[in-house]
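Q: Sequence:
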Amino acid sequence: MTIEVYIKTVVLPGGKIEVSDPALVSVVGQEATIVVTVEEQKPVEQRSVIDILQSFQGHQVFKSAEEVDAYFREERDAWDR
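Just so we're aligned: the sequence shown equals residues 1 to 81 in the numbering used here.
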């Protein structure tokens, strides 16, 4: 009988890998062949909070407190029109 077990795990310090699966309990003491495939990890893109906020439609990012004040002044003036 052939038992195949597919497990994703993390390589531990010292290059060690632990494999534990209930399906292997019935074959204790038998020889097993293990093939390890380590997939290349692509770096995760790091974005600043400002970049994320700028990517949202309709949201504004102000560079100074004066810009915020000017924006609110314009909005208040628009209410009065």
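Calculated directly from the structure, the hints in this document are not laboratory data.
The structure presented is a predicted model; accordingly, all values stated were derived computationally and were not measured.
Don't take each hint at face value.
The following label-pair restraints were derived from C-beta to C-beta distances [to be verified]:
| id | residue 1 | residue 2 | range |
| --- | --- | --- | --- |
| 1 | 13 | 70 | 54 to 62 angstroms |
| 2 | 44 | 69 | 17 to 25 angstroms |
| 3 | 9 | 71 | 49 to 57 angstroms |
| 4 | 55 | 1 | 50 to 58 angstroms |
| 5 | 23 | 47 | 37 to 45 angstroms |
| 6 | 48 | 26 | 49 to 57 angstroms |
| 7 | 76 | 42 | 32 to 40 angstroms |
Where is the CB? At the ideal position from N, CA and C, for every residue including glycine.
Q: Compare the structure with each hint and give your call.
A: Tested hints:
no. : hint                          : in the structure
1   : 13 <-> 70: 54 to 62 angstroms : holds (56 angstroms)
2   : 44 <-> 69: 17 to 25 angstroms : violated (37 angstroms)
3   : 9 <-> 71: 49 to 57 angstroms  : holds (52 angstroms)
4   : 55 <-> 1: 50 to 58 angstroms  : holds (54 angstroms)
5   : 23 <-> 47: 37 to 45 angstroms : holds (42 angstroms)
6   : 48 <-> 26: 49 to 57 angstroms : holds (53 angstroms)
7   : 76 <-> 42: 32 to 40 angstroms : violated (48 angstroms)
Hint violations for this structure: numbers 2 and 7, all remaining hints satisfied.
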